[in-house]
Amino acid sequence: MPIVAQSTETADWVSRFADEVIEESERRAPGKPVVVASGLSPSGPIHLGNLREVMTPHLVADEIRRRGREVRHLISWDDYDRYRKVPAGVAGVDETWAEHIGKPLTSVPAPKGSPYPNWAEHFKAAMTASLAELGVEFDGISQTAQYTSGVYREQILHAMRHRKDIDAVLAQYRTKKAPAKKQQKPVDEAELEAAEGSGAAAEDDGSGSAGYFPYKPYCGNCEKDLTTVTSYDDETTELTYACTACGFSETVRLSEFNRGKLVWKVDWPMRWAYEGVIFEPSGVDHSSPGSSFQVGGQIVGIFGGEQPIGPMYAFVGISGMAKMSSSRGGVPTPADALKIMEPQLLRWLYARRRPNQSFKIAFDQEIQRLYDEWDKLDAKVADGAALPGDVAAHARAVGTAAGELPRTPRPLPYRTLASVADITAGHEDQALRILGELDPARPLGTLDEVRPRYDRAEAWINTQVPADQRTIVRDEPDAELLKSLDEPSRQSLRLLLDGLAGHWSLDGLTHLVYGVPKVQAGFAADATPRELPPEIKTAQRTFFALLYHLLVGRDTGPRLPTLLLAVGQERVRRLLGA
Numbered sequence: 002m003p004i005v006a007q008s009t010e011t012a013d014w015v016s017r018f019a020d021e022v023i024e025e026s027e028r029r030a031p032g033k034p035v036v037v038a039s040g041l042s043p044s045g046p047i048h049l050g051n052l053r054e055v056m057t058p059h060l061v062a063d064e065i066r067r068r069g070r071e072v073r074h075l076i077s078w079d080d081y082d083r084y085r086k087v088p089a090g091v092a093g094v095d096e097t098w099a100e101h102i103g104k105p106l107t108s109v110p111a112p113k114g115s116p117y118p119n120w121a122e123h124f125k126a127a128m129t130a131s132l133a134e135l136g137v138e139f140d141g142i143s144q145t146a147q148y149t150s151g152v153y154r155e156q157i158l159h160a161m162r163h164r165k166d167i168d169a170v171l172a173q174y175r176t177k178k179a180p181a182k183k184q185q186k187p188v189d190e191a192e193l194e195a196a197e198g199s200g201a202a203a204e205d206d207g208s209g210s211a212g213y214f215p216y217k218p219y220c221g222n223c224e225k226d227l228t229t230v231t232s233y234d235d236e237t238t239e240l241t242y243a244c245t246a247c248g249f250s251e252t253v254r255l256s257e258f259n260r261g262k263l264v265w266k267v268d269w270p271m272r273w274a275y276e277g278v279i280f281e282p283s284g285v286d287h288s289s290p291g292s293s294f295q296v297g298g299q300i301v302g303i304f305g306g307e308q309p310i311g312p313m314y315a316f317v318g319i320s321g322m323a324k325m326s327s328s329r330g331g332v333p334t335p336a337d338a339l340k341i342m343e344p345q346l347l348r349w350l351y352a353r354r355r356p357n358q359s360f361k362i363a364f365d366q367e368i369q370r371l372y373d374e375w376d377k378l379d380a381k382v383a384d385g386a387a388l389p390g391d392v393a394a395h396a397r398a399v400g401t402a403a404g405e406l407p408r409t410p411r412p413l414p415y416r417t418l419a420s421v422a423d424i425t426a427g428h429e430d431q432a433l434r435i436l437g438e439l440d441p442a443r444p445l446g447t448l449d450e451v452r453p454r455y456d457r458a459e460a461w462i463n464t465q466v467p468a469d470q471r472t473i474v475r476d477e478p479d480a481e482l483l484k485s486l487d488e489p490s491r492q493s494l495r496l497l498l499d500g501l502a503g504h505w506s507l508d509g510l511t512h513l514v515y516g517v518p519k520v521q522a523g524f525a526a527d528a529t530p531r532e533l534p535p536e537i538k539t540a541q542r543t544f545f546a547l548l549y550h551l552l553v554g555r556d557t558g559p560r561l562p563t564l565l566l567a568v569g570q571e572r573v574r575r576l577l578g579a
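Going left to right, the sequence shown walks through residues 2 to 579 as the numbering used here numbers them.
Warning: the hint list may mix true and false statements.
Unchecked claim - In silico EDC-like links for lysine to aspartate or glutamate, alpha-carbon gap of 16 Å or less: (1) 33 / 276; (2) 33 / 71; (3) 165 / 235; (4) 361 / 374; (5) 165 / 234; (6) 86 / 71; (7) 340 / 365; (8) 519 / 536; (9) 519 / 532; (10) 86 / 100; (11) 340 / 134; (12) 381 / 391; (13) 377 / 391; (14) 165 / 206; (15) 340 / 456.
To be verified - Label-pair restraints from in silico Cβ distances: (16) 252 / 146: 22 to 32 Å; (17) 403 / 512: 41 to 51 Å; (18) 252 / 208: 20 to 30 Å; (19) 542 / 479: 11 to 21 Å.
Since the hints were made in silico from the structure, they are not lab data. Each residue gets a CB set at the ideal place from its N, CA and C atoms; glycine is no exception.
Turn these sequences into a full structure, and let the hints steer you where they fit.
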């Protein structure tokens with residue numbers, strides 16, 4: 002893959018961040034691999050808002066790889082977080098799931114019917130598969146494995162020795178309120194949860210009646226983290242805790258104990274220092290005083306590290322839906338998006354917008370416009386006519402430093418493929434016939450030429466288009482409507498039918514259906530809009546509505562040229578009263 006131009010005038014946001022990250026990495030850890038990071042909590046479906054937490058550092062890491070530098074993209078799976086609540090739409094109304102609240106996510110059973118050993122692995126698996134399809138290369142780190150194997154033992158003991166220093170940092174924010182700000186729009190709970198990222202972000206910070214302790218054990222009896230540390234000895238590392246859930250209490254030696262974790266606001270900066278993270282993005286709520294990112298920037302020094310650089314990223318929305326929060330359930334995931342769009346389009350949506358710019362991912366009719374925009378960009382890049390920033394975003398969308406992603410050999414317009422999939426209702430032989438007639442000069446030989454885009458368009462039709470908007474071609478002519486037509490309407494149908502045989506291609510039928518009202522009004526069929534009076538547009542709309550009613554019994558439907566090809570000449574003639 003080519004290296005993207007680096008001049009100040011043409012560099013895109015990814016290149017600019019890559020410049021900063023490389024410079025910072027050379028300052029902090031010269032000669033070592035550059036480390037960028039993401040954090041994901043598999044507490045429920047990992048949605049398209051969470052994907053920005055991954056795509057932002059992925060794109061920067063990939064740019065660094067394109068420049069020949071070694072880079073590691075870490076994804077910390079926060080699977081040792083507590084199970085906070087039952088996500089809506091996942092566990093249904095089964096009250097037994099509430100019994101597990103407070104346990105580590107890896108100690109909660111997987112949703113019913115899942116092949117995976119626990120809750121965390123179930124949701125990690127879906128995200129891992131999507132990231133592979135998107136070409137995201139990463140090193141996954143299970144926090145359950147890190148904590149339970151004792152990897153962080155020295156860091157935990159260090160935090161306990163320096164608990165007064167940590168407490169002093171946190172104390173600066175416990176009673177501090179953020180200055181009042183004028184809100185451009187209301188910020189609701191869903192926004193805050195989606196932005197904060199890890200489900201652990203809402204945890205307490207370790208304060209208790211017995212003093213401040215930045216470590217929280219999971220109970221040895223009920224496995225929950227509803228525990229309180231009552232005493233700790235720095236010399237022996239003996240720690241005593243009591244569980245408020247079941248009443249269990251025990252004394253353990255922290256230098257040997259592996260069933261607990263640092264509280265979130267200490268855990269995150271500890272990992273920055275331990276992994277040597279140079280770049281990590283964060284949600285927009287981290288700009289507030291006392292947020293995990295801001296507090297972590299001070300606590301990380303206690304562990305001998307520095308806070309990563311990185312942008313605060315804005316929300317990702319869905320066309321026609323509220324902002325995403327995985328705890329609410331029912332929000333689209335990367336896997337959902339990849340069922341209806343190719344990886345290149347999804348990568349492009351994240352690459353073309355700066356992290357601080359919000360954007361929407363379309364699951365409704367808007368997806369057709371997005372695909373049209375993508376295809377136009379693809380053509381401009383091929384012709385050398387695209388702007389430098391667009392060329393960069395396109396290059397990042399179609400592939401990575403490892404090479405191009407698999408693509409559709411013959412990418413016909415998405416809206417055309419969707420219309421054909423709609424009309425043919427799963428009959429591949431009919432779909433091939435119609436698509437083969439779109440361009441007689443280059444007939445389609447097999448549906449594989451338009452895959453996987455055709456499969457995505459078909460999935461969109463089957464899963465996102467309401468049943469009452471699906472296209473069902475009439476079995477019999479609408480005799481009553483045909484009988485009621487006035488002479489101009491009858492003439493328009495005759496003009497169309499007379500031209501069918503000679504215009505039987507997508508371009509030909511487009512010319513024909515738009516040309517009939519022009520010819521009826523005394524103009525040439527190829528007259529341009531500038532040469533026509535405004536009423537011609539009205540006549541065209543009236544003509545189109547008549548055709549839709551006669552063919553599918555509605556005012557609207559798929560693009561008429563595609564619909565005519567799908568119905569076939571013989572059936573069109575019969576339904577139009579020939």
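Now for the hints, and whether the structure bears them out:
| no. | hint | in the structure |
| --- | --- | --- |
| 1 | 33 / 276 | holds, 12 Å |
| 2 | 33 / 71 | holds, 8 Å |
| 3 | 165 / 235 | holds, 12 Å |
| 4 | 361 / 374 | holds, 14 Å |
| 5 | 165 / 234 | holds, 14 Å |
| 6 | 86 / 71 | violated, 40 Å |
| 7 | 340 / 365 | holds, 13 Å |
| 8 | 519 / 536 | holds, 10 Å |
| 9 | 519 / 532 | holds, 10 Å |
| 10 | 86 / 100 | holds, 10 Å |
| 11 | 340 / 134 | holds, 11 Å |
| 12 | 381 / 391 | holds, 9 Å |
| 13 | 377 / 391 | holds, 11 Å |
| 14 | 165 / 206 | holds, 13 Å |
| 15 | 340 / 456 | holds, 8 Å |
| 16 | 252 / 146: 22 to 32 Å | holds, 26 Å |
| 17 | 403 / 512: 41 to 51 Å | holds, 44 Å |
| 18 | 252 / 208: 20 to 30 Å | holds, 21 Å |
| 19 | 542 / 479: 11 to 21 Å | holds, 19 Å |
Hint compliance for this structure: hint 6 alone is broken.
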